Amino acid sequence: NAGVTQTPKFQVLKTGQSMTLQCAQDMNHNSMYWYRQDPGMGLRLIYYSASEGTTDKGEVPNGYNVSRLNKREFSLRLESAAPSQTSVYFCASSDLSAIYSPLHFGNGTRLTVT
Amino acid sequence: GQQLNQSPQSMFIQEGEDVSMNCTSSSIFNTWLWYKQDPGEGPVLLIALYKAGELTSNGRLTAQFGITRKDSFLNISASIPSDVGIYFCAGPGSARQLTFGSGTQLTVLP
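Line by line, the protein sequences are chains A and B. Heads up: the first sequence runs through residues 1 to 114, numbered per the working numbering. Heads up: the second sequence runs through residues 1 to 110, numbered per the working numbering.
Each hint should be verified, as a subset may be incorrect.
[To be verified] So the derived label-pair ranges between C-beta atoms look like this:
{"id": "1", "chain 1": "A", "residue 1": "39", "chain 2": "B", "residue 2": "110", "range": "37 to 47 Å"}
{"id": "2", "chain 1": "B", "residue 1": "80", "chain 2": "A", "residue 2": "28", "range": "20 to 30 Å"}
{"id": "3", "chain 1": "B", "residue 1": "77", "chain 2": "A", "residue 2": "15", "range": "46 to 56 Å"}
{"id": "4", "chain 1": "A", "residue 1": "67", "chain 2": "B", "residue 2": "16", "range": "44 to 54 Å"}
{"id": "5", "chain 1": "A", "residue 1": "5", "chain 2": "B", "residue 2": "8", "range": "44 to 54 Å"}
Treat the hints as calculated values from the structure; they're not laboratory data. Predicted model, so just to flag it, every value in this text is computed and none were measured. Glycine included, each C-beta is placed from N, C-alpha and C at the ideal position.
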């Protein structure tokens with residue numbers, strides 16, 4: 001049982017380049033999330049998808065777009081990368097069975113923008 | 001959005017010592033979650049608390065939901081090297097989503 005799988009694990013981009021971070025979960029969860037983690041700032045929500053077919057902005061959505069491709073997959077796209085987007089990105093999923101159901105995280109994508 | 005203050009930011013302790021950390025919020029919470037992040041991995045849920053005054057244990061870890069509903073505490077007894085990592089508290093944020101504290105970095109010295 002893989003849980004939440006993120007690809008790639010590492011990426012280096014030049015300013016202005018674009019890329020898509022992929023995430024897939026095999027737990028049949030309804031909700032999926034993208035967070036970024038920066039030193040001393042904890043985890044901040046970028047976008048989330050409460051259920052298949054819906055997406056909503058989180059705390060720090062600027063510079064990002066998302067696609068809920070199906071129930072399993074939720075991708076995060078950087079259209080024009082900036083150095084401020086250097087971070088570790090985590091995808092997570094949860095069941096909708098309870099409010100604030102605990103999140104299950106992937107192992108992260110470490111992105112550096114030069 | 002909701003503000004979570006987590007302290008301390010970092011701790012260096014000797015193996016075998018007990019550890020305490022806490023989180024406070026700017027408003028009343030109905031849920032507190034504690035996560036641990038091992039180096040190079042994603043956070044993993046340790047303990048979930050859903051009721052004021054609740055005290056829940058998971059092995060050597062004990063977490064409490066503060067009676068004021070604005071704070072929560074995590075204690076680790078008899079620390080071991082594998083306790084190293086970042087510990088996060090989390091609670092309800094805006095738009096009915098979780099918000100996270102800034103984390104406590106724990107280092108266990110042999």
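Here is what the structure says about each hint:
1. Evaluation of the 37 to 47 Å hint for residue 39 (chain A) and residue 110 (chain B) yields a failure: the beta carbon distance comes to about 25 Å.
2. The hinted range of 20 to 30 Å is not satisfied by residue 80 (chain B) and residue 28 (chain A), whose Cβ atoms lie roughly 35 Å apart.
3. The hint said 46 to 56 Å for the Cβ distance between residue 77 (chain B) and residue 15 (chain A), and at roughly 48 Å that hint holds.
4. Range check, residue 67 (chain A) to residue 16 (chain B): Cβ separation about 49 Å, and the 44 to 54 Å hint holds.
5. Hint check: residue 5 (chain A) to residue 8 (chain B), Cβ distance near 34 Å, so the stated range 44 to 54 Å is violated.
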